[in-house]
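K.L.:
In order, the protein sequence lines correspond to chains A and B. Counting in the working numbering, the first sequence runs from 1 upward without gaps. Counting in the working numbering, the second sequence runs from 1 upward without gaps.
Where hints are given, some of them may not hold.
[As the list claims (entries may be wrong)] If you want the footprint, here are the derived chain B segments under chain A, 3+ residues with CB under 8 angstroms: (1) 43–56; (2) 193–207; (3) 236–247; (4) 455–469.
Don't read these hints as lab results, they were simulated from the structure. Don't be surprised by glycine CBs; every beta carbon is placed ideally from N, CA and C.
Given next are the chains, with one letter for each unit.
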Amino acid sequence: MNAVTWIAIAICGPGALFVFGWFLRDLLRLRRGHRDRRQPPPA
Amino acid sequence: MAEHWTGIDSAILAAYMLGMLGIGVIAMRRISAFEDWFMAGRGLTTPILVATLVSTYYGLDVTFGSSETAFEEGVSAFFAYSAPFYLAYAACALLVAPRLRKIPARTLPEAVAHFYGPSAGRAAAFASFFYSAPILSVAGMGLIGHAVFGWDPLLAAAGGAAIALVYTLMGGLLADALTDTVQFAIMCLSASVAAAFALHALGGWEGLSERLDPSLLRPGGDLHVSDLLVYGLVAMSPLIEPAFYQRIFAGVGIRAVRNALLIGLVIWAAYDWIMVFLGLVGRDMVATGQLDAGLDSSSILLHVCGELLPTGVLGLFVAGLFASAMSTVDSYTLIAAGNLVYDGVQPLRKQPLSDRALLHWTRVAAAVTLAVSLLLALRFDRLRDAWIFMATVLISTVMVPMTVALFAPRRARPRAGAAAAWTGFACAMGLFLCFEIFGVYDPEEETRLLLGAPREWALLASLPASALAFVAASFGRPAEAR
Numbered sequence: 001m002n003a004v005t006w007i008a009i010a011i012c013g014p015g016a017l018f019v020f021g022w023f024l025r026d027l028l029r030l031r032r033g034h035r036d037r038r039q040p041p042p043a
Numbered sequence: 001m002a003e004h005w006t007g008i009d010s011a012i013l014a015a016y017m018l019g020m021l022g023i024g025v026i027a028m029r030r031i032s033a034f035e036d037w038f039m040a041g042r043g044l045t046t047p048i049l050v051a052t053l054v055s056t057y058y059g060l061d062v063t064f065g066s067s068e069t070a071f072e073e074g075v076s077a078f079f080a081y082s083a084p085f086y087l088a089y090a091a092c093a094l095l096v097a098p099r100l101r102k103i104p105a106r107t108l109p110e111a112v113a114h115f116y117g118p119s120a121g122r123a124a125a126f127a128s129f130f131y132s133a134p135i136l137s138v139a140g141m142g143l144i145g146h147a148v149f150g151w152d153p154l155l156a157a158a159g160g161a162a163i164a165l166v167y168t169l170m171g172g173l174l175a176d177a178l179t180d181t182v183q184f185a186i187m188c189l190s191a192s193v194a195a196a197f198a199l200h201a202l203g204g205w206e207g208l209s210e211r212l213d214p215s216l217l218r219p220g221g222d223l224h225v226s227d228l229l230v231y232g233l234v235a236m237s238p239l240i241e242p243a244f245y246q247r248i249f250a251g252v253g254i255r256a257v258r259n260a261l262l263i264g265l266v267i268w269a270a271y272d273w274i275m276v277f278l279g280l281v282g283r284d285m286v287a288t289g290q291l292d293a294g295l296d297s298s299s300i301l302l303h304v305c306g307e308l309l310p311t312g313v314l315g316l317f318v319a320g321l322f323a324s325a326m327s328t329v330d331s332y333t334l335i336a337a338g339n340l341v342y343d344g345v346q347p348l349r350k351q352p353l354s355d356r357a358l359l360h361w362t363r364v365a366a367a368v369t370l371a372v373s374l375l376l377a378l379r380f381d382r383l384r385d386a387w388i389f390m391a392t393v394l395i396s397t398v399m400v401p402m403t404v405a406l407f408a409p410r411r412a413r414p415r416a417g418a419a420a421a422w423t424g425f426a427c428a429m430g431l432f433l434c435f436e437i438f439g440v441y442d443p444e445e446e447t448r449l450l451l452g453a454p455r456e457w458a459l460l461a462s463l464p465a466s467a468l469a470f471v472a473a474s475f476g477r478p479a480e481a482r
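Could you build the full structure based on these sequences and the hints that come with them?
P.N.:
So, in structure tokens, the structure goes:
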């Protein structure tokens, strides 16, 4: 039961932060994509 | 709990509330049409889908309900009540989502109407509205405000609901999904920190299991077979869940949706286990005299955390509780408003509403839905009663037609779907009305009884009635080949 509880704590703590970090990475990529599209293509 | 609350905790809670409003303002700048507002432009990626699914589906009913049930009945709260849902999440990811992505729809009622026509769609819209009106989480915010600050429950519920409404009106599903992502991180992190503190304070499970009654550690508990059947049927509700459907349609692709549901399944299970563990900690603290034996079991979680968590962490935990409630309130308000205007009014009009009018009236409906939910939240004595009513109405109306539409090899007749949906809806509403008028409250069973049957069994009559109506209306001309 101890191990199960620690696994649950790891999933809800670091696991949730990992998903949040993944979301931030997607968001940054999206913003970079928008910025790149606004810039004129190289000559 | 109020005696443990400090200025630092208040600052954390205030920062959270302001952050949510800020996200609403940012999301508003990206809204130009109804599709942007209601479906976030159909661009939700895996991490944002995980966050919005987990935080939306798990509100205060699960948070308080699991800890309360564990406090009273032990680990069966996890094995008998929560575990059957995991099968439904997996089925939703692997079987339902791929089929749904093939149809042109935005909502559950629209999916029903796609298979069975507008009449069945209207019944589904009514059922989805009753299910989605965020009564439970609004009432839950009232409970937190009262327990933590001693505020009037109506004032606390209205304050939390108003903030959720403002950012939802501004940014729609995009604001909803973005705030859900932050709320997801806060609610999971705060639960995880609270469990780690509790585990450390009690010296692990060994200490806990030595002091607790062994019956509390039996996975099966002492449930009646018919209760297990009802809970098993209710656990199938994710297969027809309006918030799941909206997110399945709003996902960027089927792979993102499937992965999000499977990752969500693991996080839901971990969250459930933590709430069950904290409920058992509460039981232990009452037995050892650290908590008053006369405490209300529904708020045991608040008292456990008030005793165990230090300054700052307590503020994070209460922000996590508000996050859990507000993420549910905003999402379901949006869905219920869509049920009224997009699924209810729009199909009845000869001239469809313009995009701008649709956006305007759905925003108005969101405000009306939340105001009605606030009033209803104070009328139910017990949150569980409201939840059973809402789940019974949705399952009775939509489960039979949608299951047949998604899994039967041949397309059923439209009138069969309409007959099943309206019969299930009328039967569920009628039975609950009969229990209200003619039923007698039994304090031992903690429910209303009619002819010896508890109110929870209404589903055991209304679901077969819906299935019978479906079969009866299927006779006649041969079914059209798919």
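K.L.:
Go through the numbered hints given earlier and state which of them the structure violates, listing their numbers in rising order.
P.N.:
As far as the earlier hints go, 3, 4 are violated by this structure, in ascending order.
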